[in-house]
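A.B. asks: Sequence:
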Amino acid sequence: MDRIIASRSMTVIPSNDHLFTVVDDGRRFVVCMRERQYSCRRFQMDVIPCEHALAIVTKYHMDEYQYCSGYCSKDYMVKTYEVLVNYPTPDESQWEIPRDVLGDVVKPPKVRVKSGRPKKMRMKGAGEFQAKRCKITCSLCGQQGHNKK
Numbered sequence: 670m671d672r673i674i675a676s677r678s679m680t681v682i683p684s685n686d687h688l689f690t691v692v693d694d695g696r697r698f699v700v701c702m703r704e705r706q707y708s709c710r711r712f713q714m715d716v717i718p719c720e721h722a723l724a725i726v727t728k729y730h731m732d733e734y735q736y737c738s739g740y741c742s743k744d745y746m747v748k749t750y751e752v753l754v755n756y757p758t759p760d761e762s763q764w765e766i767p768r769d770v771l772g773d774v775v776k777p778p779k780v781r782v783k784s785g786r787p788k789k790m791r792m793k794g795a796g797e798f799q800a801k802r803c804k805i806t807c808s809l810c811g812q813q814g815h816n817k818k
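So that you can map any letter, position 6 of the sequence shown is 675 in my numbering, and since no number is skipped, the others follow by simple counting.
With a cut-off of at most 25 Å between alpha-carbon atoms, the simulated SDA-like pairs for lysine to any residue come out as follows:
#1 LYS748 x CYS737
#2 LYS748 x TYR736
#3 LYS804 x HIS815
#4 LYS793 x ARG697
#5 LYS743 x GLU733
#6 LYS728 x MET702
#7 LYS728 x SER738
#8 LYS728 x GLY739
#9 LYS743 x ARG711
#10 LYS728 x MET714
#11 LYS728 x ARG703
Per label pair, the in silico range of CB-to-CB distance:
#12 ASP773 x MET714: 42 to 48 Å
#13 LYS783 x ARG710: 35 to 41 Å
#14 MET731 x GLU765: 54 to 60 Å
#15 VAL780 x GLY814: 42 to 48 Å
#16 TYR745 x GLY814: 51 to 57 Å
#17 ASP693 x GLU761: 52 to 58 Å
#18 GLN713 x ARG791: 22 to 28 Å
I should point out that these hints are in silico values taken from the structure, not numbers from a laboratory.
Here a beta-carbon is modelled for each residue, glycine too, at the ideal position from N, C-alpha and C.
Kindly generate the complete structure, drawing on both the sequences and the hints.
C.D. replies: Right, dumping it as structure tokens:
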């Protein structure tokens, strides 16, 4: 979803029916939709269209799922885990559990809570949308970079 939001601010310049130039904050990226090659090289890494390809897809009302790898499809995921999901397991009464393990109680691990504010759980990637920061302006002199303190 972040890639779609980031792609809305980009300018798309077509060269022909499959080759495009995408301008993002003054930088130009060449995107070949037929070959699925982008000068930012994110598609080759992620196997999912980058923001630049999504800018083209949204402008020309193309199907974005056509440009995703087949490995990302639902059918492929189901086939991958089909063997594991449908593996037959016997009834619990038929399980063979050793006597020395039968009486053991497994307790959850001890967790030490660190002091202070907790860190964010996820670090943003290089291609993810980042909000622009506002510049501080002094209310006394009107210059940027500091406040009145």
